[in-house]
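Working from the sequences, and respecting the hints, build out all of it.
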Amino acid sequence: MKAQLKTVLMIFVVLLFAAGCTTHKSYVVLMENADGTTGKLAVTGAGGEVVLEKPRTAADLDGRAGAPFAVAEDVLKRDFGPALAAQPPLPESFLLYYKTGGTVLTEESRALIPAVLEATGKHPAPDVSVIGHTDTIGDSAANEKLALQRAQAVAEIIQRAGLQVHDLTVTSHGEKNLLIPTPDNTDEPRNRRVEVTVR
Amino acid sequence: MGRWLTAFVLILAFASVGQAGETIGFVKTVTGSALVIDSGKAIPAKVGTPVKMGNTLRTGSGGSLGVTFKDNTVMSFGPDTELTVDEYFYTPGADKLKFSSSMSRGTLQVVSGVIAKLKPKAVTVKTPSAMIGCRGTRFLVKVDP
Chain X
114 MKAQLKTVLM IFVVLLFAAG CTTHKSYVVL MENADGTTGK LAVTGAGGEV
164 VLEKPRTAAD LDGRAGAPFA VAEDVLKRDF GPALAAQPPL PESFLLYYKT
214 GGTVLTEESR ALIPAVLEAT GKHPAPDVSV IGHTDTIGDS AANEKLALQR
264 AQAVAEIIQR AGLQVHDLTV TSHGEKNLLI PTPDNTDEPR NRRVEVTVR
Chain P
10 MGRWLTAFVL ILAFASVGQA GETIGFVKTV TGSALVIDSG KAIPAKVGTP
60 VKMGNTLRTG SGGSLGVTFK DNTVMSFGPD TELTVDEYFY TPGADKLKFS
110 SSMSRGTLQV VSGVIAKLKP KAVTVKTPSA MIGCRGTRFL VKVDP
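For the protein sequence lines, the chains are X and P, in the order given.
First residue of the first sequence: 114, per this note's numbering; consecutive thereafter.
First residue of the second sequence: 10, per this note's numbering; consecutive thereafter.
None of these hints come from the bench; they were simulated from the model.
Incorrect hints may appear among the rest.
Claimed, not checked - To give an idea of the interface, some chain P residues facing chain X are shown, with a C-beta separation under 10 Å as derived from the structure:
1. G34
2. T38
3. T40
4. P59
5. G122
6. T136
Stated by the list, open to error - Under the rule of at most 35 Å between Cα atoms (straight-line distance), these lysine-lysine pairs were calculated in the DSBU-like manner:
7. X/K190 - P/K130
8. P/K55 - P/K128
9. P/K135 - X/K167
10. X/K235 - X/K289
11. X/K289 - P/K107
12. X/K190 - P/K128
13. X/K153 - X/K289
14. X/K138 - P/K130
15. X/K212 - P/K105
16. P/K126 - P/K61
No residue lacks a Cβ here, since even glycine has one placed at the ideal position from N, Cα and C.
Shown next as structure tokens:
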């Protein structure tokens, strides 16, 4: 009799747990990036803030700031299968470098151009951006102009090489998007680059 | 002459990405029914359809949609989903970085891009009862109103 009661109680607990699992109507799940790293999410509502830091943990979007919970693989598939399947190919970036003090690309960078052209074939309606970057030597306005000139020169080179795209934009991030973080007025050759991204 | 041309090109380059009417991304994948709604005008989404700030992206039942934005943020939508791009500013040179959107229903995957990398908390998705702030990551959102 006692054992029977225990069984009934256990079934009750399992049912309660199962019911709990299905009450997440609106929620957000933190996922790992393609490179294996994971960032963070902050979920804010009337009840306060919840921070998600572990991959595959989730928070309700009811505004109550309840505790994070784990989401099983089959639930992710059920809820997000079509959204995951609709993901376009991730953008691919190529970093090109000039020989010191000029507008001639290094040998290694010139060798990357066929790879840029090939990448456009793998993206639907490929759009390409060419972004110039400098290091932090000199003032930021001058760096923005300099980076733009470098980007324009690269855009011409890849167009001459036969680039066929849906859209091409040439812009400058000056010294505001460093590859290698440095303080101001720091000579860093790796930051003086032109970034070609195929989307 | 050369100087004028340079000046003109610079003006073009400094014009910030994110002003009304400017393309901020392109549709890359579509299945079933999906719309890009621009100032109240619904355009059936096709591969290559431009997306602008203020646009609403909507999928029907059985539809899905994938959009890649200029800062490399990749969003993909499951069926019966609606999201509006409220603000999109991608001009790191001028320290203007923001990507805020509102999602009223459906399912969404976000792979964050350069905006989230350069400015933590600049990428947000508002849902009916909560706000999601993203610091450089991939995430999934389900809104069942």
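Consistency of the hints with the structure:
{"no.": "1", "hint": "G34", "in the structure": "holds (8 Å)"}
{"no.": "2", "hint": "T38", "in the structure": "holds (5 Å)"}
{"no.": "3", "hint": "T40", "in the structure": "holds (7 Å)"}
{"no.": "4", "hint": "P59", "in the structure": "holds (8 Å)"}
{"no.": "5", "hint": "G122", "in the structure": "holds (8 Å)"}
{"no.": "6", "hint": "T136", "in the structure": "holds (5 Å)"}
{"no.": "7", "hint": "X/K190 - P/K130", "in the structure": "holds (28 Å)"}
{"no.": "8", "hint": "P/K55 - P/K128", "in the structure": "holds (31 Å)"}
{"no.": "9", "hint": "P/K135 - X/K167", "in the structure": "holds (21 Å)"}
{"no.": "10", "hint": "X/K235 - X/K289", "in the structure": "holds (30 Å)"}
{"no.": "11", "hint": "X/K289 - P/K107", "in the structure": "holds (15 Å)"}
{"no.": "12", "hint": "X/K190 - P/K128", "in the structure": "holds (31 Å)"}
{"no.": "13", "hint": "X/K153 - X/K289", "in the structure": "holds (23 Å)"}
{"no.": "14", "hint": "X/K138 - P/K130", "in the structure": "holds (25 Å)"}
{"no.": "15", "hint": "X/K212 - P/K105", "in the structure": "holds (31 Å)"}
{"no.": "16", "hint": "P/K126 - P/K61", "in the structure": "holds (22 Å)"}
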